[in-house]
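Residue numbers (the working numbering), protein chains in the order written: chain A, 1 to 221; chain B, 1 to 221; chain C, 1 to 221; chain D, 1 to 221; chain E, 1 to 221; chain F, 1 to 221.
Since the hints were made in silico from the structure, they are not lab data. One or more of the hints may lead you astray.
The list cannot tell twin chains apart, which means a pair is met if one copy fits it or any two copies do.
What the hints assert, rightly or not - 25 Å max Cα-Cα, derived DSS-like pairs, lysine-lysine:
{"hint": "1", "residue 1": "Lys29", "residue 2": "Lys50"}
{"hint": "2", "residue 1": "Lys69", "residue 2": "Lys50"}
{"hint": "3", "residue 1": "Lys29", "residue 2": "Lys69"}
These numbers come from a predicted model, not from an experiment.
There are 6 protein chains.
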Amino acid sequence: MTGTLYVMNPNSSVSVTAGIDDAMAPLRKFGVPISCTTLAEGPPGIENQKQADLVVPPLLAQALTLESKASGYVIACFGDPGLHAMRDQTDLPVLGIQEAAVMTALTMGQRFGVIAILPGSIPRHLRAFGAMGVLGRCAGDRALGLGVAELANPDATVTRMIEVGTRLRDEDGADVLIMGCAGMAQYRNVLQDRLQMPIIEPCQAAAAMALGRIALNWEGF
Amino acid sequence: MTGTLYVMNPNSSVSVTAGIDDAMAPLRKFGVPISCTTLAEGPPGIENQKQADLVVPPLLAQALTLESKASGYVIACFGDPGLHAMRDQTDLPVLGIQEAAVMTALTMGQRFGVIAILPGSIPRHLRAFGAMGVLGRCAGDRALGLGVAELANPDATVTRMIEVGTRLRDEDGADVLIMGCAGMAQYRNVLQDRLQMPIIEPCQAAAAMALGRIALNWEGF
Amino acid sequence: MTGTLYVMNPNSSVSVTAGIDDAMAPLRKFGVPISCTTLAEGPPGIENQKQADLVVPPLLAQALTLESKASGYVIACFGDPGLHAMRDQTDLPVLGIQEAAVMTALTMGQRFGVIAILPGSIPRHLRAFGAMGVLGRCAGDRALGLGVAELANPDATVTRMIEVGTRLRDEDGADVLIMGCAGMAQYRNVLQDRLQMPIIEPCQAAAAMALGRIALNWEGF
Amino acid sequence: MTGTLYVMNPNSSVSVTAGIDDAMAPLRKFGVPISCTTLAEGPPGIENQKQADLVVPPLLAQALTLESKASGYVIACFGDPGLHAMRDQTDLPVLGIQEAAVMTALTMGQRFGVIAILPGSIPRHLRAFGAMGVLGRCAGDRALGLGVAELANPDATVTRMIEVGTRLRDEDGADVLIMGCAGMAQYRNVLQDRLQMPIIEPCQAAAAMALGRIALNWEGF
Amino acid sequence: MTGTLYVMNPNSSVSVTAGIDDAMAPLRKFGVPISCTTLAEGPPGIENQKQADLVVPPLLAQALTLESKASGYVIACFGDPGLHAMRDQTDLPVLGIQEAAVMTALTMGQRFGVIAILPGSIPRHLRAFGAMGVLGRCAGDRALGLGVAELANPDATVTRMIEVGTRLRDEDGADVLIMGCAGMAQYRNVLQDRLQMPIIEPCQAAAAMALGRIALNWEGF
Amino acid sequence: MTGTLYVMNPNSSVSVTAGIDDAMAPLRKFGVPISCTTLAEGPPGIENQKQADLVVPPLLAQALTLESKASGYVIACFGDPGLHAMRDQTDLPVLGIQEAAVMTALTMGQRFGVIAILPGSIPRHLRAFGAMGVLGRCAGDRALGLGVAELANPDATVTRMIEVGTRLRDEDGADVLIMGCAGMAQYRNVLQDRLQMPIIEPCQAAAAMALGRIALNWEGF
């Protein structure tokens, strides 16, 4: 029997976890159990590098408690806190939603745009894209100016996402957009309908890659 | 009912198609039919750019005959002939095995190495990695010095793959290896066992990404 | 006696071929015969990757019929369809107008801008510039929003080229512009006069490089 | 009165801290107090990403206790754990020894080489150099195959450093070398004498930059 | 006794030299004598590559006359004329203000912006950033449209610097700004106050790095 | 009547100039007079950056004396001393042999190798390739260990060029080689015959591009 793919939300907001869980629905038909977790020790939302760094120890500890039942992990925070530490800790597949979203985007358009939550998120993203070696394919990264908590307000969020997405598409030349926060999961469909371009919900992208990895037995490395 | 994922071998070697088909086994549990095709008009193996370019028209034509039953396509030649033309032709997901293998590799190690068939393959690969914008993460690309037909000889092929893979790992610093030809599909497990590092069979990588894309409804773009 | 340099237009528009032929005038004084061909099997204009891929087989066949009289070839479509396949087919020099225009531009300004025909052309260009490894020197690539056929209308085309060229120069920081379609050949002088910056007509750039290559006997490789 | 520059060793080895402290001697003439700390909660040496991530929370907490007396901080582990989190926490200058060593190296030679402790360190370094956007200037990164504790054995360490440094210089083309671990501080002079090329001890590089930053009042950002 | 750090202004404007000298004040507490020189043979300001190239021979000659009293050199023209030639001429540390400003900026923000004097300066800067291998971290380079002499007019200069700096910060996404001319030295504080972001005066950046280099005995290479 | 293309050797060795002049033979059939000059004020060979910088003022002065008879210039030293200064001085086309050789190489193979004279030449080359933005296409740069004067000895030079070229081709993966010194001009044919790969003599590459530029009237910019 296959173990569970744990999609680990490293913040403490159960509403964010619920949104991620809903986004997993289409992938559940593949037959691998997918369970989304919340990190009680985390902040309500991760909005800077200090917050991201501080969740890593409890996240690693939480993963250890799940290891015996797990077939793989997704770290569900755009910023991939603890991604490489998790890979040091376990032989199971570990995907980060930022990394997986970018790799998926690179198969869906020549240049990707990112919808960030806050202006301060952008330098973190750019560091990550540089580390991934794919900066030349980033058309732009623009911020909503909304914190994680504010993303729960659908009307304001969607309006702003359309504005930012339109600029990424029309001014920056993005062919595909990445939603730069797990807290945006519920908005993929509306954004895709409105902007008429592929929109990547990063938790979905990471979970899809993780399921492939689990099926193909790329573990132990 | 979900349509079929067509994994299209653009050469005419049924033995290569059979190897690809075997490699699909672990992914069939996801519930999407996967069918591997052979291109009668193709050469026995694609070993230069002229051969690659010449298969594109019949490959596009073949895909048109499958469209009504399809949920997506994988172009199963390392070189991704006709990848972007196929994306012009259909709204269904189209993955190339080279592109998907690289994107998968980038989540499994910092630098990837490629096992090419012939020295003349390497400039083609490097052009593609440049177009993908990921050249900085390629540790090396080394050739077996064996043509597609010769890959059917297991003993000689495995011996040579181990030699080349060892150099990519130990001299070039690759953390993960990509098998640079669909005709190598049958050798993934032995190579992974012997080299003790993740080995990517590119048809698997592409099919896994395609299945995720199909499930997540990223079509129409 | 020197063979002929064939400048091969892979579309079927004789007016485009005529424009290219006119652009060759200044290079005819070098003493090498230059002959411009049209591809009857091609579409009136090449505007996407599928069209580009489909012209390759008849273009290669056409080149074979010219080989005994040829000293070299230029592929006169911005997108360089079949460039590397042609290099597999013949030992004579083969230049692509996109590649040669970029290499020429890099000697005439620090950053080049590209005037594309349609928005959908831009991702194709960027893939090519990535494959060439020169993306960091591209200031911008902006589309006229005009198809190949529409380029035959001088008034509308020139007006729009000035608008797009001005943005590439003033907003994007281009020091030199490349006209991104062989169908624009007739407009080089007016654009150069109006924008007061170097404008590269890519068929000229490629033919000039080809003539040098022929003179210097860099064939056979 | 100027506050103290704290050079914070995030491992628990007082001998490593002592080596760093000795390396600070030439910089003490600048008149800013320099104090080197040890992190009791840290491991004896940091050799993988998990260890690096786990020291960040106690390191941040330690810095908070020093803040009122501080004029700046250096994070003295090659890997810069917590660097950006520290920058979120304080307005004082914060330098990482990896980042500062690289920036210093780029003024001392066209290509830098890195002497790593273990093979597993190299992917971490490459991620960091990618995030810094300077990967094109890295000639090579080679491992001693010695853990942090083993660096305390001078004879074996120096012999191995000479071997690795020689390869970086002669095979990889490095013009300047960076010692890739704070635990190597004591060996800079011998290595520089033996290899006759500039050797960067990263704690020195970072402290020197920090002192400049403090003097020039680049704080508060 | 430590020799003098010579900060060499390669233009003939004593007012520019005076501005540089003032900017050195905070670094004089480190105890190394700092002396700023003017180049009588230079033009009043260096505004193109020809002017930059022509100052190199007299600048090298001037440095030879200072060598016996020197501990190091800074070339105080943004463009670093003669930087590598000086490194060929002497074993003492030689820093260029452009190179040092960039390396310092890379520790203070993810992307740097540059305030240039004239539009024609920008291609020169981009060539240099390309040679440094850091182009991917340049957010933008925008010109004041003021020559070196005009920088002496504080009101017009500050107004224009604020405008240009604001665009670099808000449109281009720069996290840190570099003043792209030694003649701007007097404006660092006002610019930093007004834009509320780190502003790098490049002579300071270079002198600070030079002082560290002198203290750490990285000479002779 | 067309003016003369001046191929300016910035060193004082008439034998080097004679070798360049011989290399021009195949290009003289184009009908533009080509005249090769020697710089009396130059050193016998340019082997470091200081020497390169010092020839720029007399080279610029020499060009001024030729301006009225000129149709264009080639700067015939691999290192392109004064290239951009010359472009500031004249509206005529100015090509540098390094730049033109690289741009030509990029149309003849995916990765180029460079045969340098001395190890100290390599960092200069890499700075230039970085400024050109093409570093990702350089397979390697290896030195003969021979100064400019020693190149006049054919036997030793050819033997060593074959050795170095073989390593660039077989170990580094170069598809095309650039001879990294104007003093190597006489050896192109023998090297091409022996290595069976395209060899670029950079003075030829630059003169060919200059002739095209002159014919196409790309001057005045």
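Comparing the hints with the structure gives:
Proximity of Lys29 and Lys50 under a CA criterion of 25 Å is satisfied in neither setting, with 37 Å inside one chain copy and 34 Å between copies. Taking identical chains as interchangeable, the C-alpha atoms of Lys69 and Lys50 lie at most 25 Å apart only when they sit on different chains, with a minimum of 22 Å there against 30 Å within one chain. In this assembly of identical chains, the alpha carbons of Lys29 and Lys69 lie at most 25 Å apart whether taken from the same copy (19 Å) or from different copies (20 Å).
Hint compliance for this structure: hint 1 alone is broken.
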